[in-house]
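Just so you know, the protein sequences line up as chains Y and Z, in that order. The first sequence lines up with residues 1 to 336 when you count with my numbering. The second sequence lines up with residues 337 to 785 when you count with my numbering.
The hints are simulated quantities; they were obtained by calculation from the structure and are not laboratory data. Hints may contain errors.
What the hints assert, rightly or not - Heads up, simulated SDA-like pairs for lysine to any residue below, C-alpha to C-alpha not over 25 angstroms straight-line: (1) Z:K564 to Y:P75; (2) Z:K513 to Y:E329; (3) Z:K564 to Y:L255.
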Amino acid sequence: MRVRDLRVWYGTERGAVRAVDGVSFDLTAGETLGLVGESGCGKSTLGRGILGLLPAGAATDGEVLYEGRNLVALPPRELRGLRGPDLGLIFQEPMTRLNPLMRVRDHFLELLRTHEPGIGEAQARRRSLETLGAMGIPPTRFDQYPHEFSGGMRQRIMIALALTLRPRVLVADEPTTALDVLVEAQILAILADLRRNFDTALLLITHNLGIVAEACDRVAVMYAGRIAEQGDARTVFADPAHPYTRELLRSTISLATTELHYIPGAPPDLADPPPGCRFHPRCPDAMRVCPAQDPVELDLPAGQRVACWLHGPGGAVPEGGTLPLEREEIALAEEA
Amino acid sequence: MPRRPEPDTAQGAAAAVTPTAAPLLQVHDLQVHYPLRGTFLHRLLGREAGEVRAVDGVSFEVARGEVLGLVGESGSGKTTLGRALLRLVEPTAGSIRLEGRELVGLSEGAFRPLRQRLQMVFQDPHASLSPGMNLLSAIGHPLVIHGLARDRGELRQRVAQALERVGLVPVERFLTKYPGDLSGGQKQRAVLARAIILGPELLVADEPVSMLDMSVRAKILELMLELKAELGLTYLYITHDLATAKFFCDRIAIMYLGRIVEIGPAQAIYQRPRHPYTQALLRAVPEPDPSRGVARDLPRGEIPDAVSPPLGCSFHPRCARAFEPCGWERRDVATMLESRWATMAEEDWRAERALVGDLGALAEPGEVARLVPGRDASTADLLGFLQRLRREGADPFWQGVGELAVEDGAVTVRFAPAVDPGLVVDGPVEVACLLYGRTPHADHTVPDA
Chain Y
1 MRVRDLRVWY GTERGAVRAV DGVSFDLTAG ETLGLVGESG CGKSTLGRGI
51 LGLLPAGAAT DGEVLYEGRN LVALPPRELR GLRGPDLGLI FQEPMTRLNP
101 LMRVRDHFLE LLRTHEPGIG EAQARRRSLE TLGAMGIPPT RFDQYPHEFS
151 GGMRQRIMIA LALTLRPRVL VADEPTTALD VLVEAQILAI LADLRRNFDT
201 ALLLITHNLG IVAEACDRVA VMYAGRIAEQ GDARTVFADP AHPYTRELLR
251 STISLATTEL HYIPGAPPDL ADPPPGCRFH PRCPDAMRVC PAQDPVELDL
301 PAGQRVACWL HGPGGAVPEG GTLPLEREEI ALAEEA
Chain Z
337 MPRRPEPDTA QGAAAAVTPT AAPLLQVHDL QVHYPLRGTF LHRLLGREAG
387 EVRAVDGVSF EVARGEVLGL VGESGSGKTT LGRALLRLVE PTAGSIRLEG
437 RELVGLSEGA FRPLRQRLQM VFQDPHASLS PGMNLLSAIG HPLVIHGLAR
487 DRGELRQRVA QALERVGLVP VERFLTKYPG DLSGGQKQRA VLARAIILGP
537 ELLVADEPVS MLDMSVRAKI LELMLELKAE LGLTYLYITH DLATAKFFCD
587 RIAIMYLGRI VEIGPAQAIY QRPRHPYTQA LLRAVPEPDP SRGVARDLPR
637 GEIPDAVSPP LGCSFHPRCA RAFEPCGWER RDVATMLESR WATMAEEDWR
687 AERALVGDLG ALAEPGEVAR LVPGRDASTA DLLGFLQRLR REGADPFWQG
737 VGELAVEDGA VTVRFAPAVD PGLVVDGPVE VACLLYGRTP HADHTVPDA
């Protein structure tokens with residue numbers, strides 16, 4: 001899947017909210033891409049946007065290229081046909097997505113019959129049990145109802161449902177946020193095995209940098225509707241090129257934390273984002289050019305792609321543009 | 337940037353958390369059991385529906401000025417324990433002493449003045465503040481309830497002081513704001529202002545930063561450390577997050593299914609976790625280090641139902657190191673078979689499933705399991721199958737199996753007697769696991785810890 005200059009905006013009383021504002025990235029088979037950022041930065045909108053699952057009132061522009069077709073321009077009927085067998089989504093709260101009146105068996109059989117009308121009963125059952133087994137759900141529980149399962153098992157059932165159609169692209173939106181640490185780790189191990197077993201391209205949306213580090217091959221750091229930095233997870237974590245990535249990493253409290261750090265201020269209102277680089281009001285390295293002009297996306301020698309004036313291009317920066325930006329200090333009252 | 341005043345050695349940590357005076361809080365054998373509402377038939381027959389042992393015999397002390405972390409997953413009883421300390425739920429048994437004074441059994445009237453000394457901060461700042469009250473009314477509310485403000489002027493002044501302490505300045509701008517106007521971090525600051533306005537000594541903070549963005553968590557923790565230093569507060573920090581607990585706490589108590597399984601200085605526990613559960617938790621924390629990779633070999637399953645906890649050690653069904661006396665029992669037979677079958681092809685597990693009769697008969701706890709063969713199988717088939725699994729020995733379950741025998745048309749599985757692990761001292765910590773220390777029942781060999 002290739003995403004090029006994708007834009008998603010919502011009309012509100014305050015004007016257009018540009019939740020995704022010119023985002024480009026690639027997602028290849030068997031790869032896990034972590035999409036990370038603070039709440040309200042447009043992660044979930046982007047995840048739903050590439051699947052065409054946005055609510056009414058959202059407008060989309062740009063390209064989501066999948067097998068030679070632009071999903072953004074595809075008629076809704078055709079797009080619906082792709083969802084399931086080609087494009088899958090795992091939600092945060094599994095209980096709201098399982099029908100409490102339907103047995104697990106019926107969830108699977110209905111799904112398989114809808115998308116693969118020719119499939120026989122025995123084959124549908126075999127496929128379902130195989131996927132459930134891979135998620136650690138015993139076959140003896142196939143006839144039970146969702147309420148008979150624990151939270152972690154429900155999330156596994158949701159993942160199994162999404163996987164049973166063998167989607168080529170899977171978006172998982174905070175799939176472990178509601179779960180305990182041990183169950184979260186179990187689910188992450190399952191998602192990591194997806195690449196091996198199903199050759200699925202996975203977009204993993206999370207606010208947890210630890211999850212990205214452990215479970216993702218590549219990472220895209222999103223801020224205020226744009227991707228600030230993307231690249232190989234090891235490279236980006238070892239040597240973050242964008243000050244936002246660096247500050248986000250420093251403010252993460254981990255077992256290795258001995259000092260507290262935080263990013264002052266809060267992400268901007270997407271109806272009225274700051275001019276130029278949207279991070280400049282909070283950026284410790286902001287220069288005069290930053291509020292004046294949008295940063296240019298550049299590929300760095302280390303391999304990551306970054307949108308930050310610190311990396312140039314030199315020729316595009318006006319004279320005196322690299323001098324430090326003078327700003328008022330951010331008051332606590334503005335914090336997130 | 338703030339740095340935690342960290343003692344260099346384990347001795348230093350112990351000294352820092354053992355000030356001269358007696359403990360501020362002493363909890364002894366505290367139990368909180370919730371009765372279950374039975375069905376109509378149960379009540380008609382006068383049968384008990386059972387109870388949930390949310391907190392099942394917990395003892396600990398908190399020294400003045402100390403931060404004790406209560407760490408556990410959901411269902412561990414940590415939140416119920418915190419609420420019981422503030423009498424938001426009534427303890428079933430046990431003792432809670434605040435500077436030696438017993439709180440359990442006090443009348444509401446006698447407890448009321450003590451409530452000023454104990455305050456609580458809840459997880460969800462959005463739900464902790466009433467959307468219809470501005471900050472002046474919300475934060476001043478405890479003063480009004482306890483009749484501690486003479487007039488509007490004093491109320492306003494004390495609320496303004498509290499707002500300033502938590503950094504919601506300029507105060508004038510915030511007094512008239514409603515929770516809906518505030519960000520997540522600001523709301524949690526307002527909640528902290530309300531918690532400190534009565535001048536408490538002990539603050540029970542239940543997941544105070546879990547719902548906040550990473551970029552704000554550090555700020556709220558820093559504020560809590562500042563408040564602690566300025567106001568001489570003592571914290572009970574309840575969390576599922578081992579990373580913030582490591583930074584924030586002097587001592588840690590790890591809870592599992594209503595009990596403390598390991599307790600001691602934070603430094604000692606993080607350096608060398610003893611309980612297999614603590615070890616698993618620490619392995620499972622996602623760390624922002626791409627060289628680590630996803631954690632593997634984690635305990636299977638989830639926290640079991642507290643209505644009917646496992647026999648012996650509650651953690652044994654999930655524990656890779658559980659051995660003979662840990663409490664293997666009838667229900668584990670079903671779990672062992674089902675987890676085996678989840679990995680098998682359909683015809684293979686169906687063949688095995690056909691050997692075993694009704695699995696529902698294995699749903700109740702017991703030290704003997706009686707397995708009736710399936711319709712087209714004999715007891716010999718079933719016995720042969722179980723003996724084969726035993727020889728394969730892939731599941732730690734088999735260590736707890738004593739005898740397999742055919743009796744009265746069924747195969748009986750007898751388990752080693754369960755030993756309930758109590759906390760034993762091991763170095764600087766106490767741990768409730770049979771791998772450590774000696775128990776009076778121990779005629780078995782303890783594997784190396």
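Here's how the hints hold up against the structure:
| no. | hint | verdict |
| --- | --- | --- |
| 1 | Z:K564 to Y:P75 | violated, 60 angstroms |
| 2 | Z:K513 to Y:E329 | holds, 22 angstroms |
| 3 | Z:K564 to Y:L255 | holds, 22 angstroms |
In summary, the structure is inconsistent with hint 1 from the numbered list given earlier, while agreeing with all the others.
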